[in-house]
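Here the protein sequences line up with chains S and D, keeping their order. Heads up: the first sequence begins at 1 in my numbering, then just goes up one per residue. Heads up: the second sequence begins at 1 in my numbering, then just goes up one per residue.
Among these hints, one or two may not hold up.
Because identical chains share one entry, a pair is satisfied inside a single copy or across any pair of copies.
[Unchecked claim] No more than 27 Å apart at the CA atoms, straight line, and that leaves these computed lysine-lysine pairs for BS3-like:
#1 480 to 113
#2 317 to 332
#3 22 to 133
#4 321 to 332
#5 262 to 250
#6 54 to 332
Simulated from the structure, these hints should not be mistaken for lab results.
2 protein chains.
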Amino acid sequence: MGNNLTSRQQDYAQWYNDLILKGGLAEHSDVRGCMVIKPYGYGLWENMRDVLDKMFKDTGHQNAYFPLFIPKSYLSKEASHVEGFAKECAVVTHYRLKNDPNGGGVIVDPEAKLEEELIVRPTSETIIWSTYKGWVQSYRDLPILVNQWANVVRWEMRTRLFLRTAEFLWQEGHTAHATKEEAVAETVQMLDVYAKFVEEYMALPVIKGVKTASERFAGAEDTYCIEAMMQDGKALQAGTSHFLGQNFAKAFDVKFADKDNKMEYVWATSWGMSTRLIGALVMAHSDDEGLVLPPRIAPLQVVIVPIYGKDAEARQKIDDKAAEIIKELKLKGISVKYDNDDTTRPGWKFAEYELRGVPVRVALGARDLENNVAEVARRDEKTKESVSLDGIANHIENLLEDIQSNLYHRAVTFRTNNIRKADNWDEFVKILDENSGFILAHWDGTAETEEKIKELAKATIRCIPLDNPMEDGACILTGKPSTQRVLFARAY
Amino acid sequence: MGNNLTSRQQDYAQWYNDLILKGGLAEHSDVRGCMVIKPYGYGLWENMRDVLDKMFKDTGHQNAYFPLFIPKSYLSKEASHVEGFAKECAVVTHYRLKNDPNGGGVIVDPEAKLEEELIVRPTSETIIWSTYKGWVQSYRDLPILVNQWANVVRWEMRTRLFLRTAEFLWQEGHTAHATKEEAVAETVQMLDVYAKFVEEYMALPVIKGVKTASERFAGAEDTYCIEAMMQDGKALQAGTSHFLGQNFAKAFDVKFADKDNKMEYVWATSWGMSTRLIGALVMAHSDDEGLVLPPRIAPLQVVIVPIYGKDAEARQKIDDKAAEIIKELKLKGISVKYDNDDTTRPGWKFAEYELRGVPVRVALGARDLENNVAEVARRDEKTKESVSLDGIANHIENLLEDIQSNLYHRAVTFRTNNIRKADNWDEFVKILDENSGFILAHWDGTAETEEKIKELAKATIRCIPLDNPMEDGACILTGKPSTQRVLFARAY
Chain S
1 MGNNLTSRQQ DYAQWYNDLI LKGGLAEHSD VRGCMVIKPY GYGLWENMRD
51 VLDKMFKDTG HQNAYFPLFI PKSYLSKEAS HVEGFAKECA VVTHYRLKND
101 PNGGGVIVDP EAKLEEELIV RPTSETIIWS TYKGWVQSYR DLPILVNQWA
151 NVVRWEMRTR LFLRTAEFLW QEGHTAHATK EEAVAETVQM LDVYAKFVEE
201 YMALPVIKGV KTASERFAGA EDTYCIEAMM QDGKALQAGT SHFLGQNFAK
251 AFDVKFADKD NKMEYVWATS WGMSTRLIGA LVMAHSDDEG LVLPPRIAPL
301 QVVIVPIYGK DAEARQKIDD KAAEIIKELK LKGISVKYDN DDTTRPGWKF
351 AEYELRGVPV RVALGARDLE NNVAEVARRD EKTKESVSLD GIANHIENLL
401 EDIQSNLYHR AVTFRTNNIR KADNWDEFVK ILDENSGFIL AHWDGTAETE
451 EKIKELAKAT IRCIPLDNPM EDGACILTGK PSTQRVLFAR AY
Chain D
1 MGNNLTSRQQ DYAQWYNDLI LKGGLAEHSD VRGCMVIKPY GYGLWENMRD
51 VLDKMFKDTG HQNAYFPLFI PKSYLSKEAS HVEGFAKECA VVTHYRLKND
101 PNGGGVIVDP EAKLEEELIV RPTSETIIWS TYKGWVQSYR DLPILVNQWA
151 NVVRWEMRTR LFLRTAEFLW QEGHTAHATK EEAVAETVQM LDVYAKFVEE
201 YMALPVIKGV KTASERFAGA EDTYCIEAMM QDGKALQAGT SHFLGQNFAK
251 AFDVKFADKD NKMEYVWATS WGMSTRLIGA LVMAHSDDEG LVLPPRIAPL
301 QVVIVPIYGK DAEARQKIDD KAAEIIKELK LKGISVKYDN DDTTRPGWKF
351 AEYELRGVPV RVALGARDLE NNVAEVARRD EKTKESVSLD GIANHIENLL
401 EDIQSNLYHR AVTFRTNNIR KADNWDEFVK ILDENSGFIL AHWDGTAETE
451 EKIKELAKAT IRCIPLDNPM EDGACILTGK PSTQRVLFAR AY
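This is chain S alone, in the form it adopts within the complex (with noise of 0.2 Å):
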């Protein structure tokens, strides 16, 4: 049929343009930077999100909403929050438009400057901490355990579709409590959250680590990470919990009585996920004829296509058996839709369908109902089999746990492949350059080596894994005594 789609081997990134764009999952705007989610992509996120929604819920979490706007003086009251986030982002200088005297459509009016310029948010810490002031004054208020949906702004120079772009949705939650100990579990859980939806739902395996001080969030004592590995072999960290100690509660003086009556700091954490997964999601399973999505988020589960031929009655039938199958997938919950669109032809229809990656696709045609079975393709594999009609949503049922577990297994086989051991400066580039994927190196603790790699290697530290194993070594750049190898991948 043909998609008109770059190849990964052609140009992985022009591959993964030509996938959203075509795929229906977003385009760009008009506005500089900044996407317009297509009902398809939004659907996508809205599958994710009501997952993930739920498993913070089951996690004792509420949802609230704080303010779009941040007044600038408050990104300047933690220390080092103000150097990563206080730079590129949205500033809001007026508040009013007025007819131009000359004729000239509207113009900003002069008059309504704005005290204190407000910044588009491009994460809540502060403006939630000096909300959470007024919610807390005793260990009885403790702990709090809130969630926020929302978009956020953060200036990006250059941009593409759903990785990087000006405005993107995201969910952060920021929790305040009365231990460090609390936090710290509560920091953990929420890894543990992120990486159970993401390979259970996402299908895609990801390695659970701590950033270096380095590659820490701004304003966080320790940031603990999941990364996961695309197709190109580089990384995507797909999901950050970050420990923030008593950072932003000294920055908005955010204190609670003890149950001694002493007066206390509140611990912190946070943590997010956005709609950048989506890039992840596109970037990890999909082929060269298009996306394939994971059976658990996919908007669209099951499209059921019928083949007609003239025969008026042959096509009523196959109808009625549509209809039934339908039925009985839809009691099941898969979503499906039945394509029968006479205006286009089911060989535009399967490219269709396999370029926006449905999982299943069902052919059913005059012939095969005689012989009582239906031609069921998946979209993993790009196989197809004849299926027997009775018991077919049953087999269709069982067809999308085995493509979703395919999935998740074909990733973790190709990263597997792809984590490699370098011990020495000239292995670690050889390996970068000709294999990309993962290395585990040891590395000598410091920041200016670390950055000096960068550097020289264009790759990074994705994060020191949990339950790393200790192992005598020398840092690949220097030469100085490491006791533990650390993931470096070049990333997105």
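Since the structure of chain S is provided, determine the placement of chain D on it from the hints.
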């Protein structure tokens, strides 16, 4: 107990504010005009959103997401739209901050001025229609049935929690159609969806109608609305659905080839509902003891409070019985909380849940258990009854439906008692001043008279009710002939 609430009679506006704050729904933020929606208030919004979202999907709509920012020039493209929306809004002029060379924290980087200012969306017609231009070529691309859940900003000088805030949450549907008839039918369909939602879930009767030309949405050919009556007799517009004609299609040059391959402008609708509705909910049903929330959307439907004595064994029995009831209620999909917090007394809890408007409260003590009963209190009527523990979950399930229906009928009766006819100016003013409420009166149909009435009596034409009976009469202000009464009220 005393929640220190202002009573309705003392000061209606203060009563409202007390309820929002002390009921835990929302609070003012540090950012002028922006509110924080607290978990309890957001839980209410989530329930409302989920019901509405399902109704939108059941009528064939999908969700999508469009940029937060709108280029300033876009607002000017539709002539009447710019008059209505391009005035009080948040204007982004810069995209970077930098460290103050004089050491005063961060300042706006003058080098990072945008070529064209961006407006934080007050509504999204312009950015969406500039997008639809790329989506529509032929009649086969129509209709587009898209909705967006988003935050919007309209700079307001005087704000009130939920009712009028600079930033608020809403949904905005934007549809595109091949014919005028289809677009009008969509406009009316969505008005009906809103009316059904507000009446059946929020327990609030509404009057459906059409706005006069002066009260129309900026850019619409017709604005349909639903109007609800608050307890002070004032009107609150609870949702609007606009037939936009071809105005935005012309402004953004969105044409399609019809079946005869003739190019035509697309027909449009838009429709919206916002967090403002939470304000309506509070003002319609609540009382001097606190919030009264309709069971179908209440964040928490039932609370069970144990009445503990000192006997540990008896306490255990209460806990066990409560666990049983909770299990049964949850199986029925009823949300329930067991408040066995030992540090507050039952009386304090009763007042607290009354304040928060939890529809049903169950108290369970040792003596109750001996008698195989529990004390069940309903929030709407503040009555209590002793209910057998056998089948108590069924009893509560029915009670919740009864409360829902009682709230609706109470509101209908209140409204019926407060709609009056006025046949001349003196009657009109007297009713407004002495009784408040809605007034059906004749109007000569001119914008001048409408404006004059607004000036003199502070009352506006809320709508021309749908299916309004024709009746000859004379305008209450000018005495000129009129063919029907229209609905007047003072309004929020």
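Can you tell me if residue 54 and residue 332 fall within 27 Å by alpha carbon in one copy, between copies, both or neither?
Answer is both; intra-copy 20 Å and inter-copy 19 Å each pass.
Homo-oligomer pair classification [residue 332, residue 321; C-alpha up to 27 Å]:
The answer is within: 17 Å in one copy meets 27 Å, while 35 Å across copies does not.
For residue 262 vs residue 250, is the C-alpha pair at or below 27 Å within one copy, between two copies, both, or neither?
within (16 Å within a copy, 67 Å between copies)
How would you label the pair residue 22, residue 133 (within, between, both, or neither) given a Cα cut-off of 27 Å?
Close across copies (17 Å), not inside one copy (48 Å); limit 27 Å.
Regarding residue 317 and residue 332, is the shortest C-alpha distance of 27 Å or less found within a copy, between copies, in both, or in neither?
within (23 Å within a copy, 40 Å between copies)
Since the copies are identical, ignore which copy is meant and state whether residue 480 and residue 113 lie within 27 Å (CA to CA) inside a copy, between copies, both or neither.
neither (56 Å within a copy, 47 Å between copies)
The structure does not agree with numbered hint 1 stated previously, though it agrees with all others.
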